[in-house]
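Participant: One letter stands for each residue in the lines below.
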Amino acid sequence: KAGVTQTPRYLIKTRGQQVTLSCSPISGHRSVSWYQQTPGQGLQFLFEYFSETQRNKGNFPGRFSGRQFSNSRSEMNVSTLELGDSALYLCASRQGDSGNTIYFGEGSWLTVV
Amino acid sequence: GDSVTQMEGPVTLSEEAFLTINCTYTATGYPSLFWYVQYPGEGLQLLLKATKADDKGSNKGFEATYRKETTSFHLEKGSVQVSDSAVYFCALTTSGTYKYIFGTGTRLKVLA
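Residue numbers (this note's numbering), protein chains in the order written: chain A, 657 to 769; chain B, 6 to 117.
Hints are computed from structural coordinates only; laboratory data are not their basis. Among the hints, a few may not be true.
[To be verified] With a cut-off of at most 27 Å between alpha-carbon atoms, the simulated DSSO-like pairs for lysine-lysine come out as follows:
| hint | chain 1 | residue 1 | chain 2 | residue 2 |
| --- | --- | --- | --- | --- |
| 1 | A | K713 | B | K57 |
| 2 | B | K61 | B | K73 |
| 3 | B | K57 | B | K114 |
| 4 | B | K54 | B | K114 |
| 5 | B | K54 | A | K713 |
| 6 | B | K73 | B | K54 |
Throw the hints in and build the complete structure from the sequences for me.
Facilitator: This is the structure we're talking about:
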């Protein structure tokens, strides 16, 4: 069974640009969540989706947005990139509702220059 | 709000030494507790979990017991190997929040 797949794995963007990251969950998993990992702030929750509905959102500015499609695939978008957005963005999927284990992808490394 | 506190790293041990990584938590509800491990350049992998008080999670020689009275979930391994070198994260989730809260991570380095 394939794991969580994230694309692209690495990307470099310029300040002010926008970026879209993609996540394909494990087959049969309907919940997708996103986390930002930085050396200074550690792992921080961005948002969680279940059946195309956002159920929770972390404390990030409105430049960070996401969505989930009917096939459970998810995308996150960051607009007007800032240097501080450089991070590893991790997607995780879960089979059922809350309380089950989440499984992470390998992440998308974003560098903003 | 809910939070997880882990011991600061890095932790450097010789092969076959005993490992303890401390983790304590604060939660308003009844959390499930997890240990994840991250190898260089990779995402997080589930190491073990416990969903209620006094449960013991175990995997690959690692163990952790959910202690409600001390709000702790310390990770232990009796004999570490060089291949255990990684960053270890303690985490919790509470039903209905749909999010995980992670500790800052503890880097473990095992020397041959």
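Participant: Does the structure break any of the earlier hints, and which numbers would those be?
Facilitator: 3
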